[in-house]
Amino acid sequence: MTEIFGVPTQALFGQLLLGLINGSFYALLSLGLAVIFGMLNIINFTHGAQYMMGAFGAYLVGQYFGIGYWPSLIVAPLLVGLTGVIIERTMLKRLYHLDHLYGLLFTFGVALIIQGYFRYYYGSSGLPYPIPPSLAGGTRLTLFDQPIMFLPWYRAWVIFFSLAICITTWYLIERTSLGAKLRAATENPTIVRTFGVNVPLLITLTYGAGVGLAGLAGVLAAPIYQVSPLMGADLINVVFAVVVIGGMGSILGSVVTGFVLGLIEGLTKVFYPEASTTVVFVIMAIVLLVRPAGLFGKAATTTTGVESTSVGSGLDGGRVLNVVMAAMAVVLMAAPFVVYPQFLMKALCIAMFALSVNLLLGYAGLLSFGHAMFLGSAGYVSAHAAKVWGLTPELAILAGTATAAAMGVVVGAIAIRRQGIYFAMTTLAFAQMVYFLALQVPFTHGEDGIQAVPRGKMFGFIDLNNQLSMYYVVLAIFMFALLMVHRIIHSPFGEVLKSIRENEARAISLGYKTDRYKLMAFVLSTTICGLGGATKAIVFQLASLTDVTSGTSGEAVLMTLVGGLGTLLGPIVGAFVITGMETYLAEWGQWVTVIQGVVFVVCVMAFRRGLVGEIAYRTGKPL
Amino acid sequence: MSQGEVILEARDLVKDFAGFLAVNHASFKVKRGTIHALIGPNGAGKTTLFNLLTKFLTPTQGQILFKGEDITALPPAEVARRGLVRSFQISAVFPHLSVLDNVRVALQRQRGGSFDFWRSRKVLEVYHDRAMQLIADVGLTQYANQPAVSLAYGRKRALELATTLALEPELMLLDEPMAGMAHEDIERIQELIRTASKGRTVLMVEHNLNVVASLSDTITVLTRGQILTEGDYKTVSANADVQQAYMGVGHG
Ligand SMILES: Nc1ncnc2c1ncn2[C@@H]1O[C@H](COP(=O)(O)OP(=O)(O)OP(=O)(O)O)[C@@H](O)[C@H]1O
Ligand SMILES: [Mg+2]
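As given, the protein sequences belong to chains S and U, one line each in that order. So in our numbering, the last spot in the first sequence is 625, and the numbers never skip. So in our numbering, the last spot in the second sequence is 254, and the numbers never skip.
Among the hints, erroneous ones may be present.
Claimed, not checked - Here are the simulated EDC-like cross-link-like pairs (lysine to aspartate or glutamate), alpha carbons at most 20 Å apart as the crow flies:
1) S:K515 with U:E170
2) U:K124 with U:D139
3) S:K515 with U:D118
4) U:K69 with U:E186
5) U:K124 with U:E80
6) U:K33 with U:E7
7) U:K31 with U:D118
8) S:K515 with U:E80
9) U:K31 with U:E11
Said to hold, decoys possible - Pulled from the structure, derived: some chain U residues nowhere near chain S, Cβ distances all over 12 Å:
10) E7
11) D14
12) N26
13) H27
14) G114
15) F119
16) R132
17) T143
18) A154
19) G201
20) T220
It should be emphasised that the hints constitute simulated quantities derived from the structure, not laboratory data. Keep in mind that this is a model prediction, so the values were computed, not measured. Beta carbons: idealized from backbone N, C-alpha and C, even for Gly.
Whole structure, please, built from the sequences with the hints as guidance.
If you want it as structure tokens, here you go:
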């Protein structure tokens, strides 16, 4: 058998082929994202779900109408595109006048609904979809009479067809008059409108087309991967990293980056398999350090006219808030005699998580979509410290919290170099990197997590195995976190932070080095987040993979939104509502995800102040 | 520190936006203690020039000297800290902060960095009287506790001016401070700029030529990124090129 660099050629070319296949899907999906982003300025978080719908579309029309692969290749993307058009027309278009972050949150909610719904009906196991008979089999490739690999026809077709679609799309947008119109409409909608172009229609069609591309990728994927409700959720997280690397909105950039990263992944599988799931994220971190705008992205030339996230109110008051906080403390002290303490402790830990997300989003205007990495990592370190190193619980919690703070310094320093959506994407991608690391490094114990963590004795004398003692310790930690956030937002630092949220360019022009304030806020936030995660691991005697998933990050944002962005108490209320739903509606299974998605969508569309925010608004008192 | 000394100098500034030279080899000097107007038709590059001088944009080429020091490589916040403070063409206030908080957050800059997240913001009460004074100067006393977003456009501009003045800048760059203001407001703000210019230097972009004529000591005319001419109002308005370039585009 021949070898290259000590690797059998068969294996090498086999992995390269696999890399190209993956690359084709990365390219197609990030292309769709780029098309949508270019026109709507929205990161379409529903993209993975829409890819999955494409695959299911092909499967279902086959099952019910006997429609085969080739017609499906047209029918399914059209159907998926149509659902996109409906979503855009009925809901998404009402969000364009708001900060773009709302568009991101909206599409995230829609993804939850779709994925939850499909999981309810089809479970999470995969359904097989046959390769079309015309593309069955393959050929043995040879080079200088040496066999190098077996090439299945279907895989060759996927690569060829994806390339063709990418090139056609690029040509349409960059080289035709339709594309010129599109680009002009993005840059100056009012003027283009006066030329008689129907801009809203153009936007709708663009969204439909971008979504259709996701559907098309889904059909292509059906015969290769199994058709399953979560096939998109897994893939899209890597695609987001691809988008961050390539630079957002660049058509060519997304295509090239997609294919190249697929290949690099394939090569890594040959030469250093342990790193194959993380290599994309490592590249991302390096690229962000060197070129914050991504490889093909335009550097942010101007910081003027930065939009403020018009959330929350900063006007003074205070006394009512203090009374409410005191009342809440009293109620929480009595609560374990009425409500199951295990639930209360979970809600309190999660509330610290939500508080930390809101400190950033509500008071600094920074949407972190990856905060689960701090929650989960703090949990792992705290659990490991208590179980393996045998530290006392207070030291274990301290160790976990310090870990989150240190990670905050690193991630924050890189992420705050970008604003708005870019910031959110960067944090999300880092969280994915941490997720894959947690899946692989030995001390986290992969899927099992760190189990049977001893609670121990706090300060040597408070026995935490007593449920009530544990509860009051958690309550004390929670109150500490709450008072800390309260002080931060009512400090001189908090005032500067709010001004940055409102208008960063103006804050700079007043002489504030806004990056430093944002970094400080970021680290404070991750510290509080870590405190919550570290405590949670001790309470539940478990540190698990769930706590580092992007779904968990999304939940914290949901809680903040439900309770009220930029209110002190909102995230706490949100945490109790959402945790309560998860605990008490657990037997509803996947419907809980669907309900969460609906809550997300409703909050973004019609209830942006949230529960506490609404009360604060009605009474004119900051809460 | 005598009047007449050069406080700001731009040397051969260029800003290239992907092949389009928005500022095209512009050199000029601003003298301390003067009110210096920068005029020119729409799209001439005035705002871009302001962005370069305050480092909100990085010049493609050229040098900026402020008080004799080269500030070309400094970040924008540092430029502001050295006393060169700008306002924005599109009103730049902190919309959901009250008028009072808007001004106070500027006054707070005197503390240096405000990284003390552990301290109560009550320490900022020392700035209350000064903030109210500045608010009174621009005629916004009755709105002090309203969120800035609720103010009429002209009043937002006035608030922005109060915020800029709070920093006691040595050199103030004002980008169309009167745009969108009602007639009576224009007079008040004009007076305010005149008063505020005592002991400091003002460089402003303004389309209202009456204001320019009555306020400024020196006028620089910019067209297509290049400096066309410079002088006092009489000289400049008599210049045929200026009349053609400026009036021809339809500004009154
Ligand atoms: N970030 C940018 N990228 C590309 N071109 C730009 C950018 N900013 C400004 N321009 C272009 O540079 C030119 C000068 O713009 P600028 O805003 O400086 O003009 P101005 O003199 O301030 O005009 P106005 O009187 O309308 O305010 C314009 O043609 C504008 O389109
Ligand atoms: Mg301008």
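Inset, instruction - Just double-check D14 (chain U) for me: nearest Cβ-Cβ distance to chain S has to come out over 12 Å. - result: holds (20 Å)
Legend entry - Status of T143 (chain U), Cβ more than 12 Å from any chain S Cβ: holds (17 Å)
Legend entry - Least C-beta distance between E7 (chain U) and chain S, which was stated to exceed 12 Å: Consistent with the label, E7 (chain U) stays out of reach of chain S, its closest Cβ about 24 Å off (over 12 Å).
Inset, instruction - May I ask you to check that H27 (chain U) keeps its beta-carbon over 12 Å from the closest beta-carbon of chain S? - result: About 20 Å separates H27 (chain U) from the closest Cβ of chain S, which puts it past 12 Å; holds.
Inset, instruction - Given the hint that K124 (chain U) pairs with E80 (chain U), test it: the Cα-Cα distance must not exceed 20 Å. - result: Distance ~27 Å between K124 (chain U) and E80 (chain U) Cα, so the pair is violated.
Legend entry - Least C-beta distance between N26 (chain U) and chain S, which was stated to exceed 12 Å: The claim holds: N26 (chain U) sits with its nearest Cβ about 17 Å from chain S, beyond 12 Å.
Legend entry - 20 Å Cα cutoff - pair K515 (chain S), E80 (chain U): holds (8 Å)
Inset, instruction - Over 12 Å to the closest beta carbon of chain S is the bar; see if A154 (chain U) clears it. - result: holds (18 Å)
Legend entry - K31 (chain U) paired with E11 (chain U) [C-alpha distance capped at 20 Å]: Holds: K31 (chain U) and E11 (chain U) sit about 4 Å apart, inside 20 Å.
Legend entry - Agreement of K33 (chain U) and E7 (chain U) with the hint, judged by alpha carbon distance not exceeding 20 Å: Holds - the C-alpha atoms of E7 (chain U) and K33 (chain U) are around 6 Å apart, at most 20 Å.
Legend entry - Reported absence of G201 (chain U) from the contact zone with chain S (all CB gaps over 12 Å): The claim holds: G201 (chain U) sits with its nearest Cβ about 19 Å from chain S, beyond 12 Å.
Legend entry - Agreement of K69 (chain U) and E186 (chain U) with the hint, judged by alpha carbon distance not exceeding 20 Å: violated (36 Å)
When the structure is compared with the earlier hints, violations turn up for hints 2, 4, 5, 7, 14, 15 and for no others.
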